[in-house]
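Asker: Sequence:
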Amino acid sequence: MSAELKLTKLVKKTFPKNTRFQFEDFLIACPFSIEYLRQKNRKTEVMQWRQIGMCWYALEFEHVSDAGRFFNKDHSTVCHSMRQLLDRKYNPLLQEKIDKVLQYMELEIADSDDMNEKEKNSLIYLERVMRIKLGSVEK
1 MSAELKLTKL VKKTFPKNTR FQFEDFLIAC PFSIEYLRQK NRKTEVMQWR
51 QIGMCWYALE FEHVSDAGRF FNKDHSTVCH SMRQLLDRKY NPLLQEKIDK
101 VLQYMELEIA DSDDMNEKEK NSLIYLERVM RIKLGSVEK
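Going by the working numbering, the first residue of the sequence shown is number 1, and it counts up by one from there.
Worth double-checking, as some hints may not be accurate.
What the hints assert, rightly or not - Cβ pair distances, simulated, as ranges:
1) Asn91 with Phe32: 13 to 21 Å
2) Lys13 with Glu45: 38 to 46 Å
3) Lys120 with Lys89: 34 to 42 Å
4) Glu60 with Met130: 21 to 29 Å
5) Glu117 with Lys43: 39 to 47 Å
6) Phe32 with Ser65: 19 to 27 Å
7) Phe32 with Asn116: 18 to 26 Å
8) Arg20 with Gln95: 16 to 24 Å
Read the hints as simulated data drawn from the structure, not as lab findings. For every residue, glycine included, the Cβ atom is placed at its ideal position computed from N, Cα and C.
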């Protein structure tokens, strides 16, 4: 097993069991566009979001080098980001951002074959996302 795959599995173990890693959750939670994250920028806020994005991409697709290419970085930068996620308990600002992404995972709505039910569920999901984006989270 490659070192990168071992690192990916190690990072996954730090999250609650059955956590689903979907890059879409990251995109919803992140206040920056992908284009902005791909640019060279060393501001802490942007770097942390980029690190989380690279990790989420790698955790969903299990390819560290693909995550690097997606963000215009190399695989070693993604590995560094994953190590930062492993040490997130020492960085409350990074943990806060990860928690924000994890909130979106809790927005699952049951699927249905009924088109009216699907439309209603989509509107409920959209309303929840808007509340979180606007800062008025209701649990």
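Asker: Run every hint past the structure and note whether it holds.
Answerer: Status of each hint after checking the structure:
no.: 1; hint: Asn91 with Phe32: 13 to 21 Å; result: holds (18 Å)
no.: 2; hint: Lys13 with Glu45: 38 to 46 Å; result: violated (27 Å)
no.: 3; hint: Lys120 with Lys89: 34 to 42 Å; result: holds (40 Å)
no.: 4; hint: Glu60 with Met130: 21 to 29 Å; result: holds (24 Å)
no.: 5; hint: Glu117 with Lys43: 39 to 47 Å; result: holds (44 Å)
no.: 6; hint: Phe32 with Ser65: 19 to 27 Å; result: holds (23 Å)
no.: 7; hint: Phe32 with Asn116: 18 to 26 Å; result: violated (36 Å)
no.: 8; hint: Arg20 with Gln95: 16 to 24 Å; result: holds (19 Å)
This entry does not satisfy hints 2, 7, going by the numbered hints stated previously.
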